[in-house]
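Participant: Listed here are the chains, written in short residue letters.
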Amino acid sequence: MISSMMHYLILSAMLFSIGIYGILTRRNAIAILMCIELMLNAVNLNFVAIGAHLTPNQITGQLFAAFVITVAAAEACIGFALIIAIYRNFEKVSVDDINIMRW
Amino acid sequence: MPSVLSNLALADKACIIHDVIPLLIIVLPFSSFLICTLFGYKLKKGAGLLSLLLVGFSSLLCLLVFVDVIVSSKGNNVLTQGCWMAIRIGSKETPLVITLGYLIDPLTSIMLFVVGFVGWWIMLYSVGYMDGDPRYHRYFAYMSLFMASMLGLVLSNNFVMLYICWELVGLCSYLLIGFWYEREAAMRACKKAFIVTRLGDTGFALGIFLLVSVFGSVAFYPLDGVNGIFTSIGYSAKGKENVLALAALLLFCGAVGKSAQFPLHVWLPDAMEGPTPVSALIHAATMVAAGVYMVARCFVLFDVNVTGKLSLFDGLIVLSPAYLVALIGSFTAFMAATIALVQTDIKRILAYSTISQLGYMMMALGIGAYSAGTFHLVTHAFFKALLFLCAGSVIHAMGTNEIFEMGGLKSVMPITFATYVIGMGALAGIPPLSGFWSKDEILAHAFMHSKLIWLIGEVTAFLTALYMTRQLCVVFLGSPRKPEAHPHESPPVMLVPLIVLSIGAAVSGLFGTPWMNLYASFINHGVAHAGAHHKPSATVMLFSVAVSSLGVLCGYLLYGSRQIQSHLEDPLRKFLGNLYSFLEAKWHMDWYEGKAIRHVFFSLVGLCRRFDLGVVDGFVNLVGWAVAYVFAYLHRFFDLYVVDGFINGLAFVTGVCGDMLRRIQTGFIRHYMLFILMGFVFLLIVSLWRIVVLGHP
Chain A
1 MISSMMHYLI
11 LSAMLFSIGI
21 YGILTRRNAI
31 AILMCIELML
41 NAVNLNFVAI
51 GAHLTPNQIT
61 GQLFAAFVIT
71 VAAAEACIGF
81 ALIIAIYRNF
91 EKVSVDDINI
101 MRW
Chain B
1 MPSVLSNLAL
11 ADKACIIHDV
21 IPLLIIVLPF
31 SSFLICTLFG
41 YKLKKGAGLL
51 SLLLVGFSSL
61 LCLLVFVDVI
71 VSSKGNNVLT
81 QGCWMAIRIG
91 SKETPLVITL
101 GYLIDPLTSI
111 MLFVVGFVGW
121 WIMLYSVGYM
131 DGDPRYHRYF
141 AYMSLFMASM
151 LGLVLSNNFV
161 MLYICWELVG
171 LCSYLLIGFW
181 YEREAAMRAC
191 KKAFIVTRLG
201 DTGFALGIFL
211 LVSVFGSVAF
221 YPLDGVNGIF
231 TSIGYSAKGK
241 ENVLALAALL
251 LFCGAVGKSA
261 QFPLHVWLPD
271 AMEGPTPVSA
281 LIHAATMVAA
291 GVYMVARCFV
301 LFDVNVTGKL
311 SLFDGLIVLS
321 PAYLVALIGS
331 FTAFMAATIA
341 LVQTDIKRIL
351 AYSTISQLGY
361 MMMALGIGAY
371 SAGTFHLVTH
381 AFFKALLFLC
391 AGSVIHAMGT
401 NEIFEMGGLK
411 SVMPITFATY
421 VIGMGALAGI
431 PPLSGFWSKD
441 EILAHAFMHS
451 KLIWLIGEVT
461 AFLTALYMTR
471 QLCVVFLGSP
481 RKPEAHPHES
491 PPVMLVPLIV
501 LSIGAAVSGL
511 FGTPWMNLYA
521 SFINHGVAHA
531 GAHHKPSATV
541 MLFSVAVSSL
551 GVLCGYLLYG
561 SRQIQSHLED
571 PLRKFLGNLY
581 SFLEAKWHMD
591 WYEGKAIRHV
601 FFSLVGLCRR
611 FDLGVVDGFV
621 NLVGWAVAYV
631 FAYLHRFFDL
641 YVVDGFINGL
651 AFVTGVCGDM
661 LRRIQTGFIR
671 HYMLFILMGF
681 VFLLIVSLWR
691 IVVLGHP
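Chains as they are written, first to last, in the working numbering: chain A, 1 to 103; chain B, 1 to 697.
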């Protein structure tokens with residue numbers, strides 16, 4: 001049981017690391033959003049796994065995972081809306097080029 | 001104590017009653033002054049009654065003291081003094097001790113009696129005279145203050161208290177002359193009175209300083225271990241005769257100012273602008289006599305045998321203070337009588353007559369007739385107060401001061417007329433009225449002392465009788481000159497004082513007849529150098545009577561026998577010619593003195609002004625400028641470097657921090673993500689470290 005738990009956690013950590021790596025390296029805003037989704041799903045996986053492990057008779061973990069999915073959907077909505085707005089103004093979606101919000 | 005005044009019995013009665021009564025005599029009128037000043041508006045009519053009551057009680061105490069001195073003067077015990085307060089000033093080794101206290105001897109007691117008695121009746125008269133005046137209560141406040149300070153002046157046992165009270169009566173005189181200050185003449189007159197008497201008072205103050213420097217004391221007689229000036233003159237002032245004579249002259253300056261002697265007499269006629277009872281009390285009976293009183297009090301200083309003469313320029317000019325007193329007195333008497341001859345204002349005639357009679361008193365003191373001089377002071381207080389009150393009654397009825405607008409008042413105002421005749425007779429020297437005896441005593445002394453002074457005295461007596469008869473005839477006889485006026489007799493509250501004072505004016509002289517001079521033997525108890533008793537001189541007396549009668553006769557022939565319509569028809573005008581206008585202009589003295597004073601004082605004032613503007617103001621401005629400059633500099637420094645420095649420093653620090661921090665806002669999202677990651681890693685390391693090292697998160 002513990003070993004299967006470790007598997008979940010290792011998978012989750014890998015997913016999260018891939019997400020961070022993507023955010024730090026990708027220039028495309030859409031790719032960054034996708035990496036954020038990866039990280040969120042890593043967290044979901046953690047919630048579900050640890051919830052099932054600590055309180056097997058309750059659905060606390062799943063419930064939190066459902067909330068995160070909902071928030072992630074909303075976040076994706078706003079994120080893509082912003083990206084579309086940016087694209088209309090700059091005709092590009094590379095975050096390195098959108099750097100006018102600075103001193 | 002070796003003393004030339006060894007015959008003077010000094011008794012310091014340490015008796016409560018003797019300390020309290022003199023204090024009450026002063027405090028009662030003074031409390032009346034305070035109450036009338038503070039609550040006068042509420043009291044209104046009550047102010048007059050209250051001050052009558054308090055001053056009346058004080059006057060009763062004066063009477064008590066007078067009677068007590070008369071009774072005890074049979075023995076040796078003639079001088080009582082006590083100390084209320086001792087002030088110690090100066091160095092520890094040789095302090096100047098001022099013993100503020102009272103001194104009661106025959107002179108004091110008779111003055112207390114005169115001031116208290118005459119003063120109270122005049123205040124009673126004022127109740128009627130001042131009725132309806134808007135400043136009624138203030139009048140009584142001033143009168144009470146005057147009574148307090150005049151009684152204090154008489155009671156004082158040292159020069160300091162004498163000087164304080166001397167100035168206080170001067171102040172009251174100023175306030176009361178200017179009582180109706182809406183009238184410009186009154187306003188001018190009170191200023192003139194104050195300034196002219198101040199000239200004399202300066203000399204008085206210098207004289208006191210001189211005496212203090214010689215004797216180291218201000219007391220008259222020794223008390224509580226303090227030596228007295230009058231007792232130590234004989235032995236501690238040897239070789240200082242010149243200084244003493246100078247001091248006597250300076251003291252006399254004060255008397256000249258206060259008693260309106262030549263050349264400082266000019267204020268007294270103008271002082272008639274005050275209410276008539278004030279003229280009666282202050283400018284006839286009491287305050288102007290203060291100068292005479294002061295000379296009498298310091299009589300020993302004017303004694304040639306004691307103080308000697310003042311020799312100036314190595315004996316080129318030898319001046320005896322006493323001789324100067326006699327000279328000025330007799331000249332004043334003569335001069336004022338001549339001016340009184342041509343005046344047309346009823347009060348001014350009496351004012352010049354007062355100056356003239358004060359001259360008589362000074363003359364008497366100057367020739368050493370101590371008792372005669374002070375006796376004339378007493379009788380004069382009675383008959384001159386009476387004459388002024390009569391004049392007030394007449395003015396009250398007629399509403400004018402001009403004698404040539406009056407006339408025929410005899411039938412309308414019979415009581416005023418009768419009392420006026422008594423006063424006039426006393427002043428003119430008709431026997432047996434009081435003025436005759438006192439004047440005769442002075443003239444008898446003068447006859448023995450100096451024929452010139454006696455002659456001046458007799459001429460003055462003739463003029464006195466003449467101008468008084470002139471006034472009497474013009475005011476009371478004949479027919480009315482002003483038909484529109486409706487004169488009436490005064491109310492009883494004014495008539496009673498007239499009757500009482502006329503009794504005093506009639507009989508007070510009988511205490512000093514040459515055959516039985518009760519007054520002289522009483523007053524001479526208190527003074528060592530009272531001068532020789534004069535023997536009754538029938539020749540002098542008859543001559544005096546003749547001269548007075550001649551004056552009255554001439555006056556009646558000129559003015560009484562026919563009606564004179566205006567002062568232009570004055571028969572003297574024909575007799576005297578140019579002299580008449582000279583006298584009318586008061587010997588041009590006002591003019592010359594005004595010019596002199598204007599010249600001297602205006603240039604002095606100009607000098608002072610320039611000094612004030614240049615030196616004093618310059619210094620003040622310099623200091624002000626320097627202080628302002630220094631402070632402004634300091635303030636600027638503080639503002640620039642401390643206040644501004646703080647604000648600027650704050651802005652600078654904020655700016656620098658902002659400059660540093662803004663560099664991390666690159667605009668690259670990945671940088672931000674990196675910072676977040678770094679923060680995350682940092683927190684991770686911290687919590688791992690806590691778990692590993694401390695054993696708990």
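Honestly, the hints are just simulated from the structure, not real lab data.
One or more hints might be untrue.
If you anchor each label on the Cβ, the simulated ranges turn out as follows [to be verified]:
#1 B:Y641 <-> A:A81: 50 to 58 Å
#2 A:L9 <-> B:I647: 53 to 61 Å
#3 B:A651 <-> A:M101: 40 to 48 Å
#4 B:G695 <-> A:M101: 40 to 48 Å
#5 A:M6 <-> B:H696: 21 to 29 Å
#6 B:M673 <-> A:C77: 16 to 24 Å
#7 B:A651 <-> A:L9: 51 to 59 Å
#8 B:Y641 <-> A:M101: 47 to 55 Å
#9 B:G658 <-> A:L9: 40 to 48 Å
#10 B:I691 <-> A:T70: 29 to 37 Å
#11 B:M673 <-> A:A74: 48 to 56 Å
To give a feel for the contact side, a few chain B residues facing chain A, derived at Cβ under 10 Å [to be verified]:
#12 K92
#13 T94
#14 P95
#15 R670
#16 M673
#17 L677
Source: prediction; values computed, not measured.
Virtual Cβ for every residue (Gly too), placed ideally from N, Cα, C.
Participant: So, for every hint listed, does it hold in this structure?
Facilitator: How the hints compare with the structure:
no.	hint	in the structure
1	B:Y641 <-> A:A81: 50 to 58 Å	holds (56 Å)
2	A:L9 <-> B:I647: 53 to 61 Å	holds (57 Å)
3	B:A651 <-> A:M101: 40 to 48 Å	violated (26 Å)
4	B:G695 <-> A:M101: 40 to 48 Å	holds (45 Å)
5	A:M6 <-> B:H696: 21 to 29 Å	holds (23 Å)
6	B:M673 <-> A:C77: 16 to 24 Å	holds (21 Å)
7	B:A651 <-> A:L9: 51 to 59 Å	holds (53 Å)
8	B:Y641 <-> A:M101: 47 to 55 Å	violated (41 Å)
9	B:G658 <-> A:L9: 40 to 48 Å	holds (43 Å)
10	B:I691 <-> A:T70: 29 to 37 Å	holds (33 Å)
11	B:M673 <-> A:A74: 48 to 56 Å	violated (21 Å)
12	K92	violated (86 Å)
13	T94	violated (91 Å)
14	P95	violated (89 Å)
15	R670	holds (6 Å)
16	M673	holds (5 Å)
17	L677	holds (7 Å)
Hints 3, 8, 11, 12, 13, 14 from the earlier list are contradicted by this structure; the remaining hints agree with it.
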